[in-house]
Amino acid sequence: MQRLRLLGIPLVVFSAGIGNIIEIFLQQKFGQMPTNVHIISNMMNFNEQGVVVSFSQPLIHTYCKNSSVVRKESEFFHEVSGRNNVILLGDSVGDIHMDVGVEKEGPTLKIGFLNSDVDNLLDHYLDVFDVVLVRDQSMQIPDAIVQAIALGNLKFT
Numbered sequence: 001m002q003r004l005r006l007l008g009i010p011l012v013v014f015s016a017g018i019g020n021i022i023e024i025f026l027q028q029k030f031g032q033m034p035t036n037v038h039i040i041s042n043m044m045n046f047n048e049q050g051v052v053v054s055f056s057q058p059l060i061h062t063y064c065k066n067s068s069v070v071r072k073e074s075e076f077f078h079e080v081s082g083r084n085n086v087i088l089l090g091d092s093v094g095d096i097h098m099d100v101g102v103e104k105e106g107p108t109l110k111i112g113f114l115n116s117d118v119d120n121l122l123d124h125y126l127d128v129f130d131v132v133l134v135r136d137q138s139m140q141i142p143d144a145i146v147q148a149i150a151l152g153n154l155k156f157t
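With our numbering applied, the sequence shown has no gaps in its numbers, which climb one by one up to 157 at the end.
Computed spacing ranges between beta-carbons, pair by pair:
1. G82 with D119: 41 to 47 angstroms
2. F46 with D130: 39 to 45 angstroms
3. V131 with M1: 17 to 23 angstroms
4. N115 with Q27: 21 to 27 angstroms
5. F46 with V131: 37 to 43 angstroms
6. A144 with D119: 26 to 32 angstroms
7. P34 with S56: 16 to 22 angstroms
8. H124 with Q49: 42 to 48 angstroms
9. L7 with G31: 15 to 21 angstroms
10. Y63 with Q140: 27 to 33 angstroms
11. G94 with N153: 28 to 34 angstroms
12. G82 with D127: 27 to 33 angstroms
13. M139 with R83: 18 to 24 angstroms
Just so you know, these hints were derived from the structure itself, not from any lab.
Remember, predicted model here, so these are calculated numbers, not experimental data.
Using N, Cα and C, we set each Cβ at its ideal position, and we do this for glycine too.
Whenever a hint applies, use it, and build me the whole structure from the sequences.
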């Protein structure tokens, strides 16, 4: 994540989970929210007493994680509009469509994390993702790809 920030590359965390928790985790991990990170997730809305009263709309679930749930005036759209390529990381087949609606000219590299039910899901993951990481919850491979692109050792075309 730090390498992306130093390179001026935006990172979009698209999650069907609770965005406030992701935000707190990142703040604790890095001391503050990294400026290049955008969280698109279900955010809890609190009342004056600090009690959760609702969630942001539209509610995001596994099969609607794409630009249809992002307001066009959001900072996210302005920051990624000039980008040509996307590296998409996902851990479910529904994640392969997260780049739908993002205006870009170049390809999307889709990396799938398969951590359970490998025997039943591997063939399908291999069909829909460009790279499949089996039982590997680290970011070593995606980080190595970003580093190779940044050093000019790998062309993303």
